[in-house]
Amino acid sequence: MDRRVIWAIVAMMIIAIVPSFFLKRPARPPVTSSVTQPQSPADSSLPANPAIPDVAGVGVPVEDTGSTADTVRVTSDIYEYDIATVGGRMAAITLPRYKSMALVDRGQPVQIMHPSSDLLGLAVLAGRDTLHLDRWVFTPSSTRVTVSGPTTLTLTAARGGVTVTLTYSFRPDDYQFGLQGQITGLGPNGGVLLVGMGPGIRNVEADSLDNHRSLGLVTESNGATATPFHKLKPGQTTALPGPFNWVAIKSKYFVTAVFALDSTLPRISGVTATAPVTASKSPTLADIKLSLPLGAEGRFKYDIYAGPMEYKRLSRIGHDFDDVNPYGWPGLRTVIRPVAVAVRWLLVWMHEHLNLAYGVVLVCFGVMIRLILWPLNQKAMRSSMAMQAIQPQLKEIQDKYKNEPQKLQQEMFKIYKENGVNPFGGCWPLLIPMPVLFSLFFVLGNTIELRGVPFLWLPDLSRADPYYIVPVLMGLSMFVLSKVGSRGMPPNPQTKIMLYVMPVMMTVLFISFASGLNLYYAVQNTASIPQQWLLARERMRRNPQPPPAPPKPNPGKPRK
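Here the sequence shown is numbered in numbering that gives the first Met the number 0, starting from 0 and rising by one per residue.
Hint data in this document are derived by calculation from the structure and do not stem from the laboratory. Just so it is clear, CB atoms sit at the ideal spot from N, CA and C, and this is done for glycine as well. Careful, some of the hints might be misleading.
[Unchecked claim] Derived lysine-lysine pairs resembling DSSO-like cross-links, with alpha carbons at most 27 Å apart:
1) Lys416 with Lys394
2) Lys394 with Lys495
3) Lys399 with Lys416
4) Lys495 with Lys482
5) Lys406 with Lys416
6) Lys482 with Lys378
[As the list claims (entries may be wrong)] Beta-carbon label-pair distances, calculated as ranges:
7) Arg486 with Gln405: 36 to 46 Å
8) Glu79 with Leu533: 52 to 62 Å
9) His318 with Arg486: 47 to 57 Å
10) Gly177 with Val507: 42 to 52 Å
11) Asp206 with Thr166: 35 to 45 Å
12) Pro529 with Ser314: 38 to 48 Å
13) Pro404 with Leu475: 35 to 45 Å
14) Pro265 with Gly317: 12 to 22 Å
15) Asp206 with Ala356: 17 to 27 Å
16) His229 with Leu370: 41 to 51 Å
17) Met433 with Gln409: 30 to 40 Å
From just these sequences and the hints, can you work out the full model?
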């Protein structure tokens, strides 16, 4: 391979991959303080109540009624929601179609709610008082709901002249459900509704550290903006000013979100996130509260999504909700994201319509990419041969005009034109597969359809090969490809060094990446070897190498 091609690939890899370990998408400028946001005095009609203890220090206050809290079970084929009568909030979210990979409950249906979650727990700031609706006991319209069509569940509570009505609406085949309510008796000034969303999503992945890196708060106003949990400062409150169309809490594969899309009602006015003080410097939990203005009539309405980050479902909701699971790094997302979406669609389509295992799909995809690029690679390598043929002329021109840069450039372009050579023709066709490779990096690591998919000895195509076999095969295939492609080329010390350095560097770089990505790259390299061999033979016919010079006789020894 031409050393310029190798250096171009190295530079592109460095520019595109290395920044991902240091750069994050810029978040909306936060407002921080060393203490939590001040709260209004508690409603005097409410007794002092204990909180459910929790190892993270985040608790949900419960009314001291002397009885345990009941829940209403809402079930369909794709979800099970438990709604607590205390507070009318979500108590549990179970997704039967997905299995947990965490050590403690491996193989069990995924439960995405953290044990201390206050998802959809409500409070109202009304003047100088705070109504802690998450402590009130609600009366449900039903104790168990089976969703086979559009279904509603109503919960009501009243105290001290204030009446609260909550109406949930569900569909059987959708992880999105609605909640509308009304709080009467607030007075002519209305108030502010606080909706709980913390403290995060429960880990259900085998690699908990990788999952923790994905935890974050995402808001959308004019585009989605992410605030990773590990960027929050323990013990401090980060305030994000709205208005927002939606606010979400995400992990690597699952998300809970609140949407305020009704044009007749105010949007989400702001969000606060408070990370607890822990021994870890990288928080994995945060107390999240979003606020919505309430008018004198006390009406509010929003939708909730609680489920997997399936791209088709997210994009169907609109308002850039599919960007809650971003494909690409900041700065390169505009280029990578469209390719990643297309690659994801093609892989899923081949799996579903051709009835192929995802591992086989990746093998076929790697071969297909090389077949599609075969003509471009032919053109690139022949352009490289033409460049090799005019090297003596270029060397002569460089020696002749070494002190006249402008004249040198003119003469070089003249030679290119006379010989029909494009100096960049050997490089750019080889760089075309790079966006596909980068896209697969995100698709394999963040697409839930590929989560936990095994292939041969690989337990999960979305995770690294535990035996390091695939990355080593990828490095060997790169070495063989480079070795075959260098046949017939003039000796070059730099090219020889890169022949050995590049495969080792790429193996080390890719060893912790998804095994599916290494599989694709190894297949693509292997599928390229026949073409490189044919082109190397053509190069040797065009530019036969002179026979090696005979060794000079040693004058110190007489010839026999």
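Go through the numbered hints given earlier and state which of them the structure violates, listing their numbers in rising order. none
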